[in-house]
Structures are given as C-alpha cells and as structure tokens.
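Engineer: Knowing the structure of chain C, use the given hints to seat chain L on it.
Protein sequence lines, in the order shown, are assigned to chains C and L.
Read in order, the letters of the first sequence correspond to residues 486 to 920 in the working numbering.
Read in order, the letters of the second sequence correspond to residues 196 to 500 in the working numbering.
No lab work stands behind these hints: they were computed from the structure.
No residue lacks a Cβ here, since even glycine has one placed at the ideal position from N, Cα and C.
Any given hint might turn out to be false.
To be verified - Pairs of lysine-lysine, DSS-like flavour, derived with a Cα cap of 27 Å:
#	chain 1	residue 1	chain 2	residue 2
1	L	K352	L	K371
2	L	K288	L	K415
3	L	K492	C	K686
4	C	K678	L	K298
5	C	K682	L	K491
6	L	K290	L	K280
7	C	K686	L	K367
8	L	K298	L	K330
9	L	K280	L	K330
10	C	K675	L	K497
11	C	K656	L	K497
12	C	K678	L	K488
13	C	K686	L	K497
14	L	K298	L	K261
15	L	K352	L	K367
16	C	K661	L	K491
To be verified - Restraint-style ranges between C-beta atoms, simulated for each label pair:
#	chain 1	residue 1	chain 2	residue 2	range
17	L	A435	C	D542	26 to 36 Å
18	C	I785	L	D336	51 to 61 Å
19	L	E382	C	N612	44 to 54 Å
20	L	T386	C	D542	34 to 44 Å
21	L	V436	C	D542	31 to 41 Å
22	C	N722	L	S230	53 to 63 Å
23	C	G534	L	D418	29 to 39 Å
Claimed, not checked - Covered stretches of chain L, going by a simulated chain C footprint (3 or more residues, C-beta under 8 Å):
#	segment
24	457-468
25	473-487
26	491-499
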Amino acid sequence: MDSLILSREKITSDLLPQRFNRAGIIWTGTLIIICIIGAYAYYRQLTRGLVVTNMRDYVSWGIYISNFVFFVAISLVGSLITAVLRLANVHWSTPLTRIAEIIAVSAIVFASIIIIVDMGRPERFLNLFIHGRLQSPIIWDVVVIGTYFFISLLLLYFPLLPDLKILINNKDRSPKWLNRVYRFMGSFWKGTKEQFKISDKAITILCITIIPVAFAIHTVTSWLFATTYRPGWDSTNFGAYFISGAFLVGAGAVVVAMYIFRKAYHLEKYITDFHFEKMGRIVVMLALLYLYFNINEYLIPAFKMKKPEESHLTNLFAGEFAPLFWFAILVGMIIPIGIMLFRKGRRPLPMFIAGVMVVVGAWFKRYLIVTPTLLHPFLPMDNVPESFRHYFPSWEEWAIAMGSLAGALLVITFFARIFPIIPIHETIVDDEKNV
Amino acid sequence: MKKMCKIKRVLFSLCLLVVSHAGVAQADSTKPELSVTIHYFVVNNSFQYLLAETKTKVDKKWQPLKKQSLQLYLDSNKQENLISKVMTDSEGKAKAVIPSGLKSIWDASATHKFIVVTEGTSKEEETTTESEITKAKLLIDTSNTDDTRTVNVQVMKFAGGNWEPVKDVDVKIGVKRLGGDLKIGDEETYTTDSLGQVSGEFKLDSLPGDAKGNLTLIAKVEDNDQLGNLSIDKTVPWGAVNTSTGVTDFGHRSLWAARGKSPVWLLIMAYSIIAAVWGVIFYLVLRIVRISKLGKKEAQIKEAV
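Okay, chain C solo, but in the shape it has when bound:
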C-alpha cells in the first residue's frame, strides 16, 4: 500500500503542469511572433481587401481553404484516439487521450477562424444565419463544425474533472490566478461514487456521439467539393477519401505531439516505447488505407482520361504541380509506411520523423486537392489576365496561414502549461489496476 501511495504521489508530481523552461519560452515566443505577423497580414487584408491575396477569378479558394480542410482533418483525431479506442476498451491509449482532444479542439477553433478569414468581409458571416439555405453544404458544414466543437470541448472537460481536484489539492504548484481558474472549473468535483458514475456515463455517451459527428464533419467538408461538377472533385468517393486522410494526419499529429511532450516534460515513464509501437501500427494501417483511396481517386480517372479531366491530371502527374503531388504521395504516405512497417521504425525518433512527414505531406495534399482543380475549369480560360491562370499565395496569405497554424500550436502549448497533458487520475487508476 505504501508503494502504491508513493506511486500515486510520484505520478501526480510527474504529471502536474510545469512552468516553461528556456526552450518553452523560446517556443512560445516564436509562436506569438508568427501569430502577430499573421494578425498584421490580416489587418492589411481587412483594410485593403482580398486583393492583397493572389486569389483571383479562377482560384477563389487558395491556401486558406487548404488550411481549413487541413484543420478539419486533423481535428478528427479526437474521435479516433479518445472515442474509438475507449469504446474498443483499449487502455494503452489513456496517456494520449488528452493530447488528441486538445489537438481536436484547437484545430476546430482555427478551422472556424480561417474560414472567416477567407471571406474577406467577415461581418458577412452573419448572412449565413440570416439568409442561409438549408440545401447548401456550406450551412451543413457550419452546423456540424459548431456541434463538433462543443462535443470535443465536453469530451475534454469531463475526464478533466478528477484532475482538477488534484490540481486544486496541489495549489502550491500553481500561481494564485491559476488556482482560481481550477476552482471555478472544478471545485464541485469531490470524487464521490455517484459523480464518477455520472461522469463515466457521460464520457461513454460522448464517445458514441462524437464518432458519427466526426464522420459528418469531414464528409460534409468533402461534399463542399464533391457536390460541384469539376475535374478532381466530381467523385462519389470523396467522403471516405477525406475521412481516411483525416485519421492519418490526426494520428501523425498525435505521434509528433507525443514525442515533443515526452521530451519536453520528461514523460518517458508514461509515454513509452510501447505507445509509439502501438501508434506506429495504427499510423501504418491508416497510411495504407489513405494510399488505397488515393489510388482510387487518381488511377481510375487517369485510366479513363476523360477529356475535361486530362489537363488537370497531367498537370498533377507531370506538369506544374507534379513536384508537389509526388512529394505529398511519397513523403505523406509511402516513406512513412516504409519507416513504420518495421519494428525498428516504430521507435520514438523514427516515429517522430515519420509523423512530421505525414503532417507536412498532408498539408500539401490539401493544397493539391483545392488549387489545381480551380485552375482547370471545364470552359476554357479565354481573354483573362495572365495572373488568373496561375496561383501562388501572396506573403499575406502565407503569413495568415502560418499564423493560424502557430495559433493552433499556441492553444495546445498554453493548455499543456495550465492542465495536465496526461490524465493524472486515469493514469493512477490504470496503475492501481496493474498493481
């Protein structure tokens, strides 16, 4: 029993939020600077109009919408790691659930922000509610993103309640204002049997609810494209294609976050090689699944090579976008599969490298889904300025997109500073069970 009490204290001590060290301050400062540059670029866009971007008549969805699709995709990981694995009674994922959930929440917040940034006139967002048509997939997307945000927030909050009690009990470790935040959020949690019963039931309900909502969010996002008749988007397979890609990038992001948190907070005892091994298997399976859908999406249209799709496909395979296309396929899928297929590749460092490749490849993949199609309309581009025929984002677009990515990382960073990034209570319970 003594060892158990010691173990509890050790777990609590190890997993309580820690102050930023020097590297943490540099990291946070860098992110804040990127966010400020992004905010300045957005100020320029607001005051001068969307003309500061390089989006024109044909490419009206550029890097912003690519970023939006990326954020929506990455947010799906909350439902995979938390809901699917929890419902499947998989216990090894316990230390990863909160990492997955905070990635989901921050990504969905910035998905909403970036879509408003893309509008140019942000106040017109209200028109969606005043004049919105229920028949439009854009309305479905707004509804489902809002719903997913609240469910993800609840799924983050319920498992946090027992940890809030631990944080309140260890008030010496936190500044006063933070203790006030903890008390406001969870002073009512006493850890009674009945409270646990209600909380466990609520988490199970959330896990069941979030899966169809998560599928809906990315399916509806894919329908924004698939419901329009354009080369590259005119596919009945888009929902499944998007969901498989989303699970892959989300899992890749969790692997990257696992490695960084493990290193930064010395969590080697809690995020072990075993977790990397298990996550590696999941990522390989998801990468193979996404590769399968990619083959379907590109090989079959290429086999038929319908006239209107020809220029779009040849442009991807061997034209202007070919380097980016093959980069996304190789770096985003094939090389990570090659690394993680073998046991040695499923060690922390190779997994981290493969995870970064998956995430970077996935970002460019979203860019390739959005932009080349817009440059290949069915009607020929006649008598248009040369700038309409090509698209490369302006510095304002890059700054805003990078600012939004930095913003999402900043939310995760501050969350890890304020709350335990690994659930303390659940880890103790699992530990007790093992004992």
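Structural biologist: The following block gives chain L in isolation, referenced to the frame of chain C:
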C-alpha cells in the same frame, strides 16, 4: 581662367535644366492630364443622344474621372446652343439627350459639331473638346428567297438637302439576345458598297424566339469617324416558337430552390439530426449541473460532520 568659365557655364546649364525639369514636374503634379471623348448615338433613326467619357491620369494610369461637371454644346459654345449640363458617374461617363429646342439649329445643317467644356477646378484645368458628325440614318429590310433568309441594310448620309448612300462603312448585323448581339452569319462586319448597301445571310436556324417565334434583328455602325454610332432594329418571325410557359421550379420545394423552399424530407432529416445531437449536448450539460449539485451537497455534509 578659361577652364573656370567653362565649368561655370556647364554648372549654370545644369542648374537651368534641373530648375526647368522641376517646373515641368510641378506643373504635372498640380494639373493632371485629362482626356475627354464624345460619342454620338442614333437609335432607330429617331432617338439621338451623346455620351461623354472623361479620364484622368493617376499614377501614370488612366482612371475614370468621377463627378466632373460638363457642358455640352451644339456647333458653338454659346448659351443658346447648350445641349445640357451633366455630371459624370462613377465610370466617368455622362449622357445627354439632344433637346427639341435645338431643332432649328439641327435642321439647318448636314454636319454638326459637338463641344464639351469641362469646368475648371482646383485639380483640373478647363478644357474644350470637339467632335464633328454628319447626319446619317440606317435602313433595314429582309428578303426570303429559296429558303435563304437575307438581311439588307443601307447606310445613308444627309448632304446637299438629300440622303445619299455612304460607301465603305462597316456594319454589324445580329440578333438581340439577353447577353448581347448574336451575329447572323460567319461575318463579324459587312462593308457597304457604292449604293451604301450590305446583305448578310441569316444562318441561325431554330434560334429560340418569343411565344410567336419573333426575333429582333439589329444593324449597327459603331464609332464611325464621320457618322458616329447608328443602330436600327426590326422584328422578324424567323425564330423557333418558345413554348415555355415561363413557370419555373424555383417556386417549388427543391434542392435548388430559394431559402425557405427546402424539401420537406431535408427539413425533417436535418432538424431531427440537429435536435438529436444537440439534445445529447444539452443533456450532458445538465449532467455537469447534476455533478456540481452533488459536489456541493457532499461539501455541506462534510462541513456538518
């Protein structure tokens, strides 16, 4: 000493050059370049109007000059010859109809001069622009022989008290459509012969017309230096009868209908899903409230003990 004088002269010349260039630059910056053009239009040989267009150079680019006051005169810029005082719109354009009060001046001559005077402002200098035209008209007729439909147009000008044909004038012949004029054949324009005539074969078979199958033919002379802009139209029963009742599906509930006309099945499906999911969210929020109440109760019990 000679060398010094030479240097002084060169320096003096350079100074003069710099000063004169600065003077020119200053003049440029205070009074930007202004361009005024005037176009004369005659529609169906009866309705005449003028279109004045103003532009100014900003940052070496021509931009429309908005809200510029213009005075348009016929033949002479006297008060009795004033056609109209107008103000340019956001595109730098202003229209004026030739008033009936100037009929006697108009009838007195075969050629006329239009004068545009721009009012001088702090930014712009007063300018005067002139454009001369000869009175002209278009005649349009059609023929139908051996299943070949032809449109005949004649261009006439007023000279020496008579209407005379005009040679070598480019005429466009088309059919009026919603988005512009559709050419009747392969030719973009037809050039008048010595009789001032052009003929174009009508090749648009089964072109949708109105409920009676009528189409509106149009012949145009555009921006002719001597005649201005002339146009004439004629209705012919050469189109396919449009059997459309004009009733669209947009009034019915459908996926492509307006807001408020969503299909009932979609409304039921969407609102059921939204209600179900948000019902769960609401229920879970109530569970948090329940947990909170239990916690407070537990605290009270502990305090009592």
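Engineer: Go through the numbered hints given earlier and state which of them the structure violates, listing their numbers in rising order.
Structural biologist: Numbers 4, 7, 14 - these are the hints that the structure violates, sorted from lowest upward.
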